[in-house]
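Colleague: Protein sequences, first through last, are from chains B and S. 15 is the number that numbering that gives the first Met the number 0 gives to position 16 of the first sequence; each next residue is one higher, with no gaps. 37 is the number that numbering that gives the first Met the number 0 gives to position 38 of the second sequence; each next residue is one higher, with no gaps.
Among the hints, a few may not be true.
Unchecked claim - Distance condition first, Cα-Cα at most 20 Å in a straight line; then the derived PhoX-like pairs of lysine-lysine:
{"id": "1", "chain 1": "B", "residue 1": "Lys69", "chain 2": "S", "residue 2": "Lys51"}
{"id": "2", "chain 1": "S", "residue 1": "Lys11", "chain 2": "B", "residue 2": "Lys51"}
{"id": "3", "chain 1": "B", "residue 1": "Lys11", "chain 2": "S", "residue 2": "Lys11"}
Stated by the list, open to error - Here are some, though not all, of the chain S residues that point toward chain B, as calculated from beta-carbon distances under 8 Å:
{"id": "4", "residue": "Leu20"}
{"id": "5", "residue": "Glu21"}
{"id": "6", "residue": "Ala36"}
{"id": "7", "residue": "Asn50"}
{"id": "8", "residue": "Met77"}
{"id": "9", "residue": "Asn78"}
{"id": "10", "residue": "Asp85"}
{"id": "11", "residue": "Ile87"}
{"id": "12", "residue": "Ile89"}
Hint data in this document are derived by calculation from the structure and do not stem from the laboratory. Glycine included, every Cβ here is placed at the ideal spot set by N, Cα and C.
Number of protein chains: 2
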Amino acid sequence: MKKRVIVSIVAKSGTGKTTLLEKIIAELKQRGYRVGALKHDAHRFDIDHRNKDSWRLTQAGADTMVITSKEKLAMVKMNPNNEEPDVIEIVDRYFTDVHLVLTEGFKGNTFPKIEVHRKERSQNLLCRGETYDPTLLAVASDEHLDMDVPIYDINDAQGLCDFIEERFLRQVS
Amino acid sequence: MKKRVIVSIVAKSGTGKTTLLEKIIAELKQRGYRVGALKHDAHRFDIDHRNKDSWRLTQAGADTMVITSKEKLAMVKMNPNNEEPDVIEIVDRYFTDVHLVLTEGFKGNTFPKIEVHRKERSQNLLCRGETYDPTLLAVASDEHLDMDVPIYDINDAQGLCDFIEERFLRQVS
């Protein structure tokens, strides 16, 4: 079976996870990788536009709605019993054709993690706070830190992608 | 392997396919079925809301973006080489856990079809026009027609669901 490559970008809320993820995705795409992105949402998220046909089919009760065109495919799938599927199940089902999956959130999982840190947001890190998280691989920070993992500048998508490539992608490509 | 049940709702544009589909989906859900809906879009459809995190990840270049919550899962997946996957491939990949898939469009396929007809829209039917389409099973019409397949009133979702159930779902449930 193909090796799963999952890297989680974690941070305290409001630190700028999505901004860094955008940069890392763009950089990895430029390097020729097929990239998956998986985001957890703690709330009831909205997707699709009110009154569009696809929206109407979901509203009518479709358990799974797929809309497809030459360019892309989109799906909205209700979870049976309001139970979220396991993240590994999601990766194995929907991300079989990418080189790696970058996740936003899922900080409770044991995937290798890159934590985003901003000094204004918090003094200490999520993965080096009350508990020591051994899955932390690197930090993207806007201040100098003295730590047991490599520290990259918060805007250094190239450096972070070199790190991801070196660590996870050399052996699969 | 599980039997695929696919029924296509077809019509000339502007006849009200989506409205009928909504009613059929709601009725089948009420009868306890798990229902899939698959829509083809000839254009570049929009899904997701500008500037939401999930939208930003797709815009940044993610080949597959999945957002998940307790309630539902949504995915936006770019087609490699701008080539639409085959509809059977889509059904086998994404609709394994439903009792039937109702498709909107895909009129060129050989799935069993229900055609929606409105006298104001057109005098003749898509499936009984220049060519005789043997996959036509029934018609939902707003006028009396004399044809070789059963005719239901365009608002008779119950009758159409009885027909679908009788024809396709008795043997799988």
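Colleague: Hints numbered earlier in the text: which of these fail when held up against the supplied structure?
Modeller: 1, 3, 7, 10 and 11
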